[in-house]
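Position chain A relative to chain X; hints supplied.
For reference, the chains in residue letters:
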Amino acid sequence: MSIWRQLVRGLRALTNPRAADKDIADEVSSYLEHATAALEARGISPDQARRAARMDLGNATAVREQVRSYGWENVVATPFSDLRYAARRLRRNPGFTTVCVLTLALGIGANSAIFSVINGVLLKPLPYLHPDELIDLNHTAPGVNFPNADPAPFLYFTYREQGRSFQSLGLYQWDSRTVTGLAQPEDAQCLSVTADVLPMLGVQPELGRWFSLKDVTPGSPVTMILTYGWWQARFGGDRSVIGRRIIVDGVAHQVIGVMPANFRFLDRDAAFLVPLQLDRNKAFLGQFDYPGIARLKPGVTLQQASADIARMIPIALHSFPPQAGLTVKVFEDVRLAPKLRYLKQKLIGDTAETLWVLMGTVGMVLLIACANVANLLLVRAEGRQHELAIRAALGASWRDIARELLMESVALGLLGGALGLGLSYGAIRALIAMAPANLPRLNEISIDPAVILFTFAAALVTGILFGMIPVFKYASPRIGNALRGGGRTSSQSRERHRARSVLVVAQVALALVLLVASGLMIRTFQALRNVDPGFDPKDALTLSIAIPPTEVKDPDRVLQLQQGILEKIRAIPGVAAVGITTVIPSSVSAGSDQVYVRGKTYQSVPPLRRLKFISPGLLRTMGNRLIAGRDFTWADTYQRRPVAMLSENLSRELWGDPRIAIGKQITANPKDPWREVIGVVNDEREDGVQEKAPAAAYYPLLMNDFEGDAVVVERTVSYIVRSQRAGSQTLLADVQQAVWSMSASLPLANVRTLQEIYDKSLARTSFTLVLLAIAGAMALLIGMVGIYGVISYAVSQRRREIGIRIALGARRPALTHMFIAQGFVLALIGVGCGLAGAAALTRLLGSLLFGVNPLDPLTYAAVSLGLIAAAIMASYIPALRAMRVDPAETLRSE
Amino acid sequence: MDEPNTDVIQGTLDMLILKTLSLEPMHGFGIARRIEQVSRGVFKVNPGSLLTALQRLERGGWLDAEWRQTENSRRAKVYRLTRGGKKQLENQTADWSRRASAIARLLKAEA
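Which chain is which? The protein sequence lines are X and A, in order.
Residues 2 to 895 (my numbering) make up the first sequence, in order.
Residues 12 to 122 (my numbering) make up the second sequence, in order.
The shape of chain X in the complex, shown without the other chains (with noise of 0.2 Å):
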C-alpha cells in the first residue's frame, strides 16, 4: 500500500474534482471504443457493434459513479463541498464577511497571544533533562520571622551525606566578577556552582568538561567555564580558548569548558561559571547564603523530600559547630524548617496568577466577538427565513440546513482564526520587545505547533458556538410555520427578538467585568503612584563599583578610592549630591541581620533587619528625611566610631517614638561592642512600593568589631549621583572619566536610574492594567456595536408599524423614546447580571489590587453609569431614524 499515492491522489481529487471526472470519464468511454472497435473487428456492423458494447457496459454513468466512489476523499467531500459552499456565500457579502472576520480575529488572535505566553511561560518544561524531578531547596525561619533562607554549607553537607530523597544536590551563587586583561575591564555576571549543578541538569558541554571534585576542593587552581554568549563576543568562538588562563577579580582562572548555546541557568545570562569551593572542614552553622538545586529520586514526592529535610536539620545543628559567638541553641531557636518547591515554580513565581486573569479576561472579549457575530448571523438567517422555510417544504431536511449554517459559521470561525494568528505573531513580536514585568522565560515565548492547534481549537469551538443559535432558531423541526407567518406584514413580536436580546445584554454583562477590573486596576495603580516610596525616583543615576582585593588591600585606602571617586563624581557639572550605599531599592542582594539592644536581654535570637552601609550625605542624595539625629560623617567613618541609624519603623518598634531612640546602643551581634544609635531616617520602600518598608540598621563603610571581624570594608558598593542629566549618554561618559581618573581598572556596573529601578516594581500591575484596559475597550465597543446593531435593525423592521403611528398622529419624539427606552432597558439589565458577575469574579484578581477594595463602590458605580450612557448613545443613533420615516412613504413601498 501507497499511503503516499492514497493522500496525493485523494487530495487532488479534492482539489480539483472536474479532472479527477474527467479522467474516469475519459477511461469509460475509451473502454466503449475498443469494445466497439473489438467487435467491429469480428464484421458486425458499427451500429450494433456500438449498441452491443453500450450494453455490456451497462450505464456509463453508474460506472463512473462506481468508480469514483473509491477513495477516502468521498469521506470527508460532503462537508468540504458544503465549506465551499459557506464559502461562495460568504464572498458574495464582503461587508458582512468582513465585519465578522475582524471581530473574530480580534478575539481569536488576542487568546492565541496570551496562550502563547502561558504556554511558553507556565506549560512548556524547563529545558533539562527530566525537569519534573528538579526541585528548588529552600528553607523558612519563623523563629526568626524569615520566609525565606536559603540552604548553607553545612546544610549541604549533611543533605548529600545523608539525604535519602535525592538523586544529587548542589549549591550556587549569582554575583559579579571583574575581568580585566582583556580588551576593556569588565563587570562581568558570575555564576558559581558545586560540581552536582550542572551533571544534574543533563547539558553537556559545548567544548571541554564540566567541573570536578577536584576542582571544588579548595586550595585547586581555579577553573572557569564560558557561557556559549560571551566565549562568541570576547573570543569570537575560537576554539583555542580552553586551557587560556583569564583575570577574575585580579585571580588566574584556568578555562576547561564552554556551555552550550542554548544553555541558560533558570532566568539570568551569566558570561561565566565558577566552580564553588566549600571547604566540609570549615562549614559551620550560618552562611544561609546559597541557593540549592536539588534532583529527586524518581517517583520521590515534595512531601516526602521535605519529610527527609525535616529529618535531618537537627542532625545538621549538631554535626557542625555554630558560628562564632553564637549558640547551637540559637539555631534551634530560628526554627529552621524545608521550604521545597519544582524549578518550574520558582521560575514563574507570582506571573501564573497574573497570566491566567489575562486568559480569562481574554476569553471574555472573545465571548463578547461570539456574541456580537451570532448577533449578525441572526440577522442574516432571518432574511434568509423564506428561504430556508421553502427548502425545508421542498424535502431538505433540517439537518441539511442546520449543517449549512453550520458551516457558514465554521468558515468565519476559521477566516477569523487564520487572520487572529497574524495578529497573535505581531502582539507576541511587540510583547517580547516590551519585556514587561519581569516576565520570566520570555526567550521561550513563540508560535510553537501547540499555539497554532490552540487557535485552531479556538476558532473551531467559537464558529460552532456562535454558528449554534441561528441553527437553534431557524433549522429546528418546525421551520415551515416560517412559510405560514409571512413576516413582512406583522409586525416586529417579542418571541423574534429575543435571541438577539440576550446576547446585547450578555454582551453588556460581559463588557462591565471586564471594565470594573480594568477600573480596579486604574486604581490600583493611582493608589500605587499615591504612595510615597521614602525616596525620590526622579533625576538619579546609580551603578556600582566592586574594589577586588587584589587591586587595594588596605581597607583604609579602600574607602579614600571611593571617596575618591565621590569626590571626582560630585565635581562633574550638573550634578547636585552623590552617595554611596550597599542596597539600592528593588536590589535582590539585600543583606540582612540581627539588632539586639542594650540593656534588653534575649530568650531567643531576634529578627532579621535590613542590613545598609552608606556613606554620609547618601541620605540628602537619596531624597530621604532625618527623623531625629544627624547623618554619619567621614570622620565617623575614617576613625570608625561605633555609630549607627535606624529606620523610623524599627526605632518605633524598639521605643515607641524615634526621638528616644538617640543615643541608645545597639548591636548586630552580642560580641560586638556596642554602637551608639546617632540617627533616625524614614521608612523606604525598598522591595517595591507594594511591600512595606523593611525595618533597617544602618552602618558606616568602615567598622571595627562587626560581626567579630577585626576590620570591615564593603568593598561592593553602589553610587548614587542625583542630576537633571541622570539617564543621558554624556553624564555616564563623564561619570566613567571621573571613576577612571582614580583608577583604570573598576568597570561599572548595573548603571540604571531610580525611575526605572521604580518604574519596574510598578511593572506588573502597569502591566496588566494595559492588557485589561485594551480588553475593556474592545468589549465596550464591540458591546455598545451589538447595541447599536439591535436598535438599527429594530427599527428597520418596525418602519411600517412607525408610518401607521405617524399617520395616525403619533408624536414622533415619543417613537424616539421608545427606542432609546428600548436600549436603555437591554443596558440596564446587562449592566445588573454584570455587576453581579464582577462582584463573583473581581475578587480573583487578588493580589494584583493594592489599596483598593475588590468591590469599591466608586469604580462600580462609574462603569456602570458610563456603560448605560454609552449604551443610550448607541440606540439614540437608530432611534433618529425613526423619527425620519416618511408615513407616506412606507405605506406606499408595501
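Keep in mind the hints are simulated off the structure, nothing from the lab.
Worth double-checking, as some hints may not be accurate.
Taking lysine-lysine and the BS3-like style, the derived pairs with C-alpha atoms no more than 30 Å apart in a straight line are [as the list claims (entries may be wrong)]:
{"hint": "1", "chain 1": "X", "residue 1": "K215", "chain 2": "X", "residue 2": "K283"}
{"hint": "2", "chain 1": "X", "residue 1": "K23", "chain 2": "A", "residue 2": "K55"}
{"hint": "3", "chain 1": "X", "residue 1": "K672", "chain 2": "X", "residue 2": "K554"}
{"hint": "4", "chain 1": "A", "residue 1": "K88", "chain 2": "X", "residue 2": "K23"}
{"hint": "5", "chain 1": "X", "residue 1": "K601", "chain 2": "X", "residue 2": "K693"}
{"hint": "6", "chain 1": "X", "residue 1": "K340", "chain 2": "X", "residue 2": "K693"}
{"hint": "7", "chain 1": "X", "residue 1": "K340", "chain 2": "X", "residue 2": "K125"}
{"hint": "8", "chain 1": "A", "residue 1": "K88", "chain 2": "A", "residue 2": "K55"}
{"hint": "9", "chain 1": "A", "residue 1": "K30", "chain 2": "X", "residue 2": "K23"}
Short derived list, chain A residues pointing at chain X, Cβ under 10 Å [unchecked claim]:
{"hint": "10", "residue": "G41"}
{"hint": "11", "residue": "P58"}
{"hint": "12", "residue": "G71"}
{"hint": "13", "residue": "T81"}
{"hint": "14", "residue": "K88"}
Yeah, the Cβ is synthetic: ideal placement off N, Cα and C, and Gly gets one too.
Frame of chain X; chain A shown alone:
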C-alpha cells in the same frame, strides 16, 4: 440455472488483473478481453468492477497508469505492473494455489 455463471470468483479479480498485466502493459478493455479469452469464456469481467479495481490497484501503488495512443490511433489509459504489484501478485498466487489445492483435496475426499 440455464446460463452458465461467468462471474469472476469473488476476491480473485485483483489477482487476475495483476497476472494479466504481468505479461505486458494493457488498457482496461484489453485486460477484460484477455481474461475472457484466456479463461475460454468461463469468466466475463464486469466493466464497472474492472475499472474500480484498476482505480484501487493504482491508488494502492501496485499499478502505474498512463494515457497513451494505442493501435489505430485511439487514446487509452494503459496500466503497467509496479515492483510492488509484482510482489503482490506472487503473494496472491501462492495464497490462491494453497487454498485451491486444499479445496480440491476436500472435494476429492468427499467423492
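Results for each hint:
1. Taking the CA atoms of K215(X) and K283(X), the gap is about 17 Å. The hint holds against a cut of 30 Å.
2. Our distance criterion of 30 Å between C-alpha atoms is met by K23(X) and K55(A), whose separation comes to about 27 Å.
3. Taken as a hint, the K672(X) and K554(X) pair is honoured in the structure, with Cα atoms around 26 Å apart against an allowance of 30 Å.
4. With a C-alpha separation of about 13 Å, the suggested pair K88(A) and K23(X) falls inside the 30 Å cut-off, and the hint holds.
5. At roughly 26 Å between alpha-carbon atoms, K601(X) and K693(X) fall within 30 Å of each other, so this suggested pair holds.
6. A hinted pair counts as satisfied when its Cα atoms are at most 30 Å apart, and K340(X) with K693(X) qualifies at roughly 23 Å.
7. At roughly 24 Å between alpha-carbon atoms, K340(X) and K125(X) fall within 30 Å of each other, so this suggested pair holds.
8. Under the criterion of a C-alpha separation no larger than 30 Å, the hint pairing K88(A) with K55(A) is consistent with the structure, at around 21 Å.
9. Taking the CA atoms of K30(A) and K23(X), the gap is about 28 Å. The hint holds against a cut of 30 Å.
10. Because the closest C-beta pair between G41(A) and chain X is about 7 Å apart, less than 10 Å, the hint holds.
11. At its closest, the beta carbon of P58(A) sits 5 Å from a beta carbon of chain X; the interface hint therefore holds under the 10 Å criterion.
12. For G71(A), the shortest C-beta to C-beta distance to chain X is roughly 5 Å, which falls under 10 Å, so the interface hint holds.
13. Taking 10 Å as the C-beta cut-off, the interface hint given for T81(A) holds, the closest approach to chain X being about 8 Å.
14. The beta carbon of K88(A) comes within 5 Å of a beta carbon in chain X, closer than 10 Å, and the hint placing it at the interface holds.
Figure legend: structure checked against the earlier numbered hints; every hint is met.
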